[in-house]
Amino acid sequence: MADTITKADIIKPENLVYKKTDLLTDKVLSYCPGCGHGTAHRIIMETLDEMSLQSETIGIAPVGCSVLAYEFMNIDMQQAAHGRAPALATAVKRLMPEKTVFTYQGDGDLAAIGTAETIHACNRGENFTIFFINNGIYGMTGGQMAPTTLEGMKSSTSPYGRDLEMMGHPLKITELIAQLPGTYYVTRQAVHTPAAVRKAKKAVRKAIEMQKLNKGLTFVEIVSNCNSGWKMTPVQSNHWMVENMFPFYPMGDIKLEGELVKK
Amino acid sequence: MTEEIIIAGFGGQGVLSMGKILAYSGIMQDQEVSWMPSYGPEMRGGTANVTVILSDDRISSPILTQYDTAIILNQQSMDKFEDMVKPGGLLLYDPNGITQPPTRKDINIWKIEANKEAAKMGMRKIFNMIVLGGYLKAKPIVEFDNIILGLKKSLPPRYHHMIPDNEKAVKRGLEIIEEVQKI
Amino acid sequence: MKKELRLMKGNEAFAEAAIRVGVDGYFGYPITPQSEVMEYLTAEKPHERTGMVVLQAESEVAAINMLYGGASCGKKVMTSSSSPGVSLMQEGISYMAGAELPCVLLNVVRGGPGLGTIQPAQSDYFQSTKGGGHGDYRLIVIAPSSVQEMYDFVELGFKLAFKYRTPIMVQSDGAIGQMMEKVEIDEQQKRFSEAEIIKNYPWATTGKTPDRERNIITSLDLDPARHEKHNIELQKKYRKIEEKEIQYEKVQCDDAEYLFVAYGTSARLCLKSIQLCREKGIKVGLLRPITLWPFPKDIIYDMADQVKGILSVEMSAGQMVEDILLSVKGKVPVEHFGRMGGIIPSPIEIADMLEEKFIKG
Numbered sequence: 000m001a002d003t004i005t006k007a008d009i010i011k012p013e014n015l016v017y018k019k020t021d022l023l024t025d026k027v028l029s030y031c032p033g034c035g036h037g038t039a040h041r042i043i044m045e046t047l048d049e050m051s052l053q054s055e056t057i058g059i060a061p062v063g064c065s066v067l068a069y070e071f072m073n074i075d076m077q078q079a080a081h082g083r084a085p086a087l088a089t090a091v092k093r094l095m096p097e098k099t100v101f102t103y104q105g106d107g108d109l110a111a112i113g114t115a116e117t118i119h120a121c122n123r124g125e126n127f128t129i130f131f132i133n134n135g136i137y138g139m140t141g142g143q144m145a146p147t148t149l150e151g152m153k154s155s156t157s158p159y160g161r162d163l164e165m166m167g168h169p170l171k172i173t174e175l176i177a178q179l180p181g182t183y184y185v186t187r188q189a190v191h192t193p194a195a196v197r198k199a200k201k202a203v204r205k206a207i208e209m210q211k212l213n214k215g216l217t218f219v220e221i222v223s224n225c226n227s228g229w230k231m232t233p234v235q236s237n238h239w240m241v242e243n244m245f246p247f248y249p250m251g252d253i254k255l256e257g258e259l260v261k262k
Numbered sequence: 000m001t002e003e004i005i006i007a008g009f010g011g012q013g014v015l016s017m018g019k020i021l022a023y024s025g026i027m028q029d030q031e032v033s034w035m036p037s038y039g040p041e042m043r044g045g046t047a048n049v050t051v052i053l054s055d056d057r058i059s060s061p062i063l064t065q066y067d068t069a070i071i072l073n074q075q076s077m078d079k080f081e082d083m084v085k086p087g088g089l090l091l092y093d094p095n096g097i098t099q100p101p102t103r104k105d106i107n108i109w110k111i112e113a114n115k116e117a118a119k120m121g122m123r124k125i126f127n128m129i130v131l132g133g134y135l136k137a138k139p140i141v142e143f144d145n146i147i148l149g150l151k152k153s154l155p156p157r158y159h160h161m162i163p164d165n166e167k168a169v170k171r172g173l174e175i176i177e178e179v180q181k182i
Numbered sequence: 000m001k002k003e004l005r006l007m008k009g010n011e012a013f014a015e016a017a018i019r020v021g022v023d024g025y026f027g028y029p030i031t032p033q034s035e036v037m038e039y040l041t042a043e044k045p046h047e048r049t050g051m052v053v054l055q056a057e058s059e060v061a062a063i064n065m066l067y068g069g070a071s072c073g074k075k076v077m078t079s080s081s082s083p084g085v086s087l088m089q090e091g092i093s094y095m096a097g098a099e100l101p102c103v104l105l106n107v108v109r110g111g112p113g114l115g116t117i118q119p120a121q122s123d124y125f126q127s128t129k130g131g132g133h134g135d136y137r138l139i140v141i142a143p144s145s146v147q148e149m150y151d152f153v154e155l156g157f158k159l160a161f162k163y164r165t166p167i168m169v170q171s172d173g174a175i176g177q178m179m180e181k182v183e184i185d186e187q188q189k190r191f192s193e194a195e196i197i198k199n200y201p202w203a204t205t206g207k208t209p210d211r212e213r214n215i216i217t218s219l220d221l222d223p224a225r226h227e228k229h230n231i232e233l234q235k236k237y238r239k240i241e242e243k244e245i246q247y248e249k250v251q252c253d254d255a256e257y258l259f260v261a262y263g264t265s266a267r268l269c270l271k272s273i274q275l276c277r278e279k280g281i282k283v284g285l286l287r288p289i290t291l292w293p294f295p296k297d298i299i300y301d302m303a304d305q306v307k308g309i310l311s312v313e314m315s316a317g318q319m320v321e322d323i324l325l326s327v328k329g330k331v332p333v334e335h336f337g338r339m340g341g342i343i344p345s346p347i348e349i350a351d352m353l354e355e356k357f358i359k360g
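Protein chains in written order, with numbering that gives the first Met the number 0: chain A, 0 to 262; chain B, 0 to 182; chain C, 0 to 360.
Read the hints as simulated data drawn from the structure, not as lab findings. It is possible that part of the hints are untrue.
[What the hints assert, rightly or not] Here chain C is said to cover these stretches of chain B; the calculated rule only asks that three of the stretch's residues, wherever they fall, bring their Cβ under 8 Å from a Cβ of chain C:
(1) 49-62
(2) 118-124
[To be verified] Cut-off 27 Å, straight-line C-alpha distance, at most; resulting in silico cross-link-like pairs (DSS-like, lysine-lysine):
(3) B/K85 x C/K282
(4) B/K85 x B/K136
(5) C/K279 x B/K152
(6) B/K151 x C/K44
(7) B/K104 x C/K279
(8) C/K44 x A/K214
(9) C/K279 x C/K158
(10) B/K152 x C/K44
[To be verified] Pulled from the structure, derived: some chain C residues nowhere near chain B, Cβ distances all over 12 Å:
(11) R5
(12) S58
(13) Q177
(14) K181
(15) I231
(16) D254
(17) A266
(18) S272
(19) A316
(20) G329
(21) E348
(22) E355
Backbone N, C-alpha and C fix where the C-beta goes; we use that ideal spot for every residue, glycine too.
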């Protein structure tokens with residue numbers, strides 16, 4: 000019967016609506032269902048695929064939830080000690096300037112233990128790209144307070160909420176590194192809606208393209224959710240992120256072509 | 000042949016570079032050499048000394064407490080190193096600034112008015128080369144030509160125009176050194 | 000052809016050797032008494048001579064991790080530091096051992112603990128040979144005792160580092176770093192091209208091409224069974240190194256009735272002490288470990304049959320002496336003599352100590 004769609008029809012090549020990029024492996028993601036990491040992985044790998052860069056890309060995985068990023072990204076990768084990814088990437092890019100090099104780091108990795116490596120790589124104007132996933136919490140170790148945890152936000156080491164007097168302020172590291180002359184492109188994005196994903200992917204592409212100009216470090220922050228750490232459903236966590244994270248970590252470009260964007 | 004030398008004076012007297020030229024001269028005549036400075040915060044403005052060893056054989060310890068020769072350029076160094084000269088060894092000093100001349104009876108002593116001579120020649124910087132010339136007379140362990148070759152090797156090319164003055168200074172040192180005590 | 004001869008400091012010889020053997024990258028952080036290494040390298044413009052990268056990092060922590068990144072790409076990378084800085088590098092060294100990455104590290108040892116002193120010492124023996132960082136790993140540790148060896152051990156270090164895919168520690172001290180001796184300089188070697196790296200080091204992260212699976216450099220494996228297997232493989236490698244790579248030097252051992260065991264600067268002091276002892280009719284020899292790990296335990300065990308006593312001479316409170324005791328297995332008395340905190344003992348002191356410990360007593 001012509002009106003009935005069978006499985007055989009669905010898998011016909013002409014009915015294909017989405018195909019996973021070959022730059023993601025077939026390994027099942029270890030991230031919690033609803034987490035933004037999977038989408039962030041996908042848009043980066045799709046971009047590298049679209050730009051035909053697999054054979055010349057070296058990625059650096061951090062310590063944190065994405066410590067196993069090398070299991071999912073089908074490119075040559077190095078796994079760094081906690082916070083040190085920018086140091087690895089510095090050497091890789093300087094020793095092989097023709098390659099595409101990126102680090103993929105969380106907030107604890109990039110903005111706490113690795114602050115020195117982050118700031119100095121940015122300040123030296125190293126020609127690689129940092130992808131920074133900011134979910135305001137240490138996901139992997141079980142939801143402890145991060146440098147980016149918001150005021151009043153609960154975590155397993157700020158169980159009554161972050162007290163600014165006692166625990167200090169959340170760190171806007173992205174605004175901070177945008178001040179450094181060594182950064183060329185700095186942007187903040189999210190991946191919680193299809194529109195945001197499309198925008199974020201454009202930013203990823205722009206960062207990689209600008210890396211090729213050798214004009215300095217390119218930096219894409221992705222504000223993301225951590226439904227497990229925040230103890231919410233995925234949908235709740237995305238709403239909470241929009242209402243609480245976005246006002247403190249506003250979306251959009253912070254630095255373009257080496258110039259701070261005027262708000 | 001092994002010659003173990005301490006050169007000691009103030010920082011700025013060219014103690015370390017004199018040692019270096021001497022060591023390079025040793026290399027020029029196919030010897031083994033070592034050059035060991037005392038280093039540390041006291042080097043900056045304070046006393047400076049360097050142990051130089053020239054030998055036909057493999058050099059053992061680069062750090063010593065007994066020397067065949069002590070070249071002494073200030074009183075502090077005289078106080079410290081006079082006793083460390085091996086019996087029968089050589090002590091060479093510039094009397095300028097020396098209030099207590101050496102008293103040992105079991106060593107050979109030579110003196111050289113290098114500081115005064117450098118002033119007379121109007122070239123304070125070649126003071127150390129006058130001393131080196133004197134040493135060459137007191138104990139000719141390296142040949143004059145090798146000193147000049149060593150000088151060329153140890154000076155960066157941009158200073159090579161100073162070689163003739165240095166050569167003159169070495170020759171002057173050979174002439175003006177005086178034997179004080181011979182055993 | 001006669002080789003070029005130069006008078007150089009140990010630290011400078013190490014730096015010149017790095018350029019000559021075709022090192023790809025040096026990453027370091029200033030600390031006394033080894034800053035001449037990076038000063039020499041920056042002055043020599045190796046980027047113009049060979050294309051070598053030299054970068055002053057923001058810390059020793061960053062420097063060792065730059066080595067991790069560069070070594071992962073199959074590049075010849077190195078750093079130099081001194082004791083407090085090397086302590087900061089221990090995390091990265093453990094990661095590199097775990098990820099099986101080759102590199103050459105230089106420790107120009109100074110007295111500790113803590114900030115200690117800038118004068119020479121040998122008190123980092125435990126740190127270098129027994130671990131330093133976390134986990135079951137070993138470093139190959141080679142100890143130069145002359146400026147020529149500071150030069151030669153760069154090439155030896157890289158040979159061993161790539162043969163076994165493991166970090167190599169060249170353990171020197173402030174005396175050898177700062178003193179000048181005659182050095183024979185080799186011809187300039189070419190750095191590897193990318194094609195040569197891909198051919199020689201197929202594990203390197205040079206970019207995944209269609210003809211191979213992706214390369215991953217990691218020290219992590221969350222599966223205990225697989226991770227134990229990895230550890231067993233590491234241990235097999237270390238046993239092989241112990242079997243094949245021990246190096247030592249014997250001096251005047253043939254007729255020796257007593258034995259000094261010493262490395263680096265202490266070995267040089269002992270050479271003089273041997274002369275002083277022999278002038279008095281005391282027959283002493285020297286066994287100089289060149290590899291501190293693997294330790295030359297068999298030869299020391301054998302020497303214990305010949306001599307009446309062994310004096311371990313080390314500028315420390317007595318670290319290597321523990322390995323000598325383990326090697327000798329109680330066959331002969333073993334004593335330690337050392338000075339600490341940056342004091343270099345005199346050859347006379349050492350000779351007197353041998354008499355005091357074994358002959359007068």
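Evaluation of the provided hints:
{"no.": "1", "hint": "49-62", "verdict": "holds (count 6)"}
{"no.": "2", "hint": "118-124", "verdict": "violated (count 0)"}
{"no.": "3", "hint": "B/K85 x C/K282", "verdict": "holds (23 Å)"}
{"no.": "4", "hint": "B/K85 x B/K136", "verdict": "holds (19 Å)"}
{"no.": "5", "hint": "C/K279 x B/K152", "verdict": "violated (41 Å)"}
{"no.": "6", "hint": "B/K151 x C/K44", "verdict": "holds (23 Å)"}
{"no.": "7", "hint": "B/K104 x C/K279", "verdict": "holds (25 Å)"}
{"no.": "8", "hint": "C/K44 x A/K214", "verdict": "holds (23 Å)"}
{"no.": "9", "hint": "C/K279 x C/K158", "verdict": "violated (43 Å)"}
{"no.": "10", "hint": "B/K152 x C/K44", "verdict": "holds (21 Å)"}
{"no.": "11", "hint": "R5", "verdict": "violated (8 Å)"}
{"no.": "12", "hint": "S58", "verdict": "holds (24 Å)"}
{"no.": "13", "hint": "Q177", "verdict": "violated (5 Å)"}
{"no.": "14", "hint": "K181", "verdict": "violated (5 Å)"}
{"no.": "15", "hint": "I231", "verdict": "holds (44 Å)"}
{"no.": "16", "hint": "D254", "verdict": "holds (18 Å)"}
{"no.": "17", "hint": "A266", "verdict": "violated (9 Å)"}
{"no.": "18", "hint": "S272", "verdict": "violated (8 Å)"}
{"no.": "19", "hint": "A316", "verdict": "holds (20 Å)"}
{"no.": "20", "hint": "G329", "verdict": "holds (31 Å)"}
{"no.": "21", "hint": "E348", "verdict": "violated (8 Å)"}
{"no.": "22", "hint": "E355", "verdict": "holds (18 Å)"}
The structure fails to meet hints 2, 5, 9, 11, 13, 14, 17, 18, 21 from the earlier list, while all remaining hints are met.
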